[in-house]
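Chains as they are written, first to last, in full-length UniProt numbering: chain A, 1 to 129; chain B, 1 to 149.
Any given hint might turn out to be false.
[What the hints assert, rightly or not] Okay, derived cross-link-like pairs now, DSBU-like style, lysine-lysine, Cα gap no bigger than 30 Å in a straight line: (1) B/24 to A/127; (2) A/117 to A/127; (3) A/127 to A/97; (4) B/24 to A/123; (5) A/97 to A/117.
[To be verified] From chain A, some residues computed to sit far from chain B (all C-beta separations above 12 Å): (6) 3; (7) 22; (8) 31; (9) 32; (10) 41; (11) 42; (12) 60; (13) 80; (14) 95; (15) 113; (16) 114; (17) 115.
[Claimed, not checked] To be clear about the criterion: a stretch of chain A counts as covered by chain B if any three or more of its residues have a C-beta under 8 Å from a C-beta of chain B, and this derived list gives those stretches: (18) 11 to 20; (19) 43 to 52; (20) 64 to 71.
No wet-lab data here; the hints were simulated from the structure. For each residue, glycine too, the CB sits at the ideal point set by N, CA and C.
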Amino acid sequence: MELPTQRYRVTRADLVRYAGASGDFNPIHWSESFAAKVGLPGVIAHGMLTMALVGRAVTTWAGRPDAIVEYGVRFTRPVEVPDTEEGTEVEVSAVAKDTDDPGLVRLDLTATCAGVKVLAQAKAVIKRP
Amino acid sequence: MGLDQSFTGRSYPPSAPYQVGREKIREFATAIGAEDAAYHDPEAARALGHPDVIAPPTFPMVLSMATSRQIVEDPALGVDYSRVVHGDQRFAYRRPVTAGDELVCVNSIESINARGGHDFLTTRSEISTSAGEAVVTVWTMFVVRGEEG
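The following block holds chain A by itself, in its conformation from the complex:
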């Protein structure tokens, strides 16, 4: 069963806020010149911020913030965040599948930014709503 797509906007201000809240102050997430020096196209979002946004989608679909049993992703492409008011947008979709356990549902997750997949093997197991 396909679940309704969720969309989350990400701006530079979000990256600064996430750096502070998470303690991950790697300058690739806030410094254009540092990002360029290490060969990145520009400032990129924390992979863990992208994973957190996809986690929001998962708990939204689950209908409860405490329903996740397992959650994993592979980071494949960076989410580039331009220095504009609009920033960029991460789109999250999922297909729900039965598991061997009737109380649990598996979600196969897809996260894209500007039409490009940014995660691979993204999966969550949630308690059945």
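Following the hints, position chain B against chain A.
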């Protein structure tokens, strides 16, 4: 030159206890735009059966990322941190992290693989309360990029 695969299975001393604060959870939830009441309001969390506000699912990274530095900065293992990229991330939850928890992280090296000139280092963090209740297991895969050219 790859990482020494004999480090696989090595376990590190437990981290100093981490006090999970209500305001830290709120700050983290706000930073990711998560407005669920149970992240912000103790009453809403209690209505779901938790003793205080609960943390969003990726919150355990706040602890595990900091404490897993004892592995990536282990001089004997010799990871060049400037070449490290976060490859993948996985969590298995017994219950959500909750305000008021005192958490301890025990880190170990789950696997080291070399592929295509890069090293793939997977760490495992067992996060439990200082009283010994298991809360969440966190796996982080670091890619240590090989020298180019």
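We went through each hint and held it up to the structure:
1. B/24 to A/127: 26 Å, holds
2. A/117 to A/127: Cα-Cα ~26 Å, so holds.
3. A/127 to A/97: 12 Å, holds
4. B/24 to A/123: Satisfied, since the Cα-Cα distance of roughly 27 Å is no more than 30 Å.
5. A/97 to A/117: This hinted pair holds, its Cα atoms lying about 21 Å apart.
6. 3: Check passes; 17 Å lies beyond 12 Å.
7. 22: It is violated; residue 22 of chain A is separated from chain B by about 6 Å at its closest Cβ, not greater than 12 Å.
8. 31: At roughly 15 Å from the nearest Cβ of chain B, residue 31 of chain A sits farther out than 12 Å, so the non-interface label holds.
9. 32: 19 Å, holds
10. 41: The claim holds: residue 41 of chain A sits with its nearest Cβ about 15 Å from chain B, beyond 12 Å.
11. 42: The claim holds: residue 42 of chain A sits with its nearest Cβ about 17 Å from chain B, beyond 12 Å.
12. 60: With a cut-off of 12 Å, residue 60 of chain A comes too close to chain B, as the shortest Cβ separation is near 9 Å.
13. 80: Nearest chain B Cβ is 16 Å from residue 80 of chain A, so the label holds.
14. 95: 19 Å, holds
15. 113: 16 Å, holds
16. 114: Nearest chain B Cβ is 19 Å from residue 114 of chain A, so the label holds.
17. 115: 22 Å, holds
18. 11 to 20: Since 4 is at least three, the answer is holds.
19. 43 to 52: Since three or more residues must qualify, the claim that chain B covers the region 43 to 52 of chain A holds, with 5 doing so at under 8 Å.
20. 64 to 71: holds (count 7)
Violated hints for the displayed structure, listed by number in ascending order: 7 and 12.
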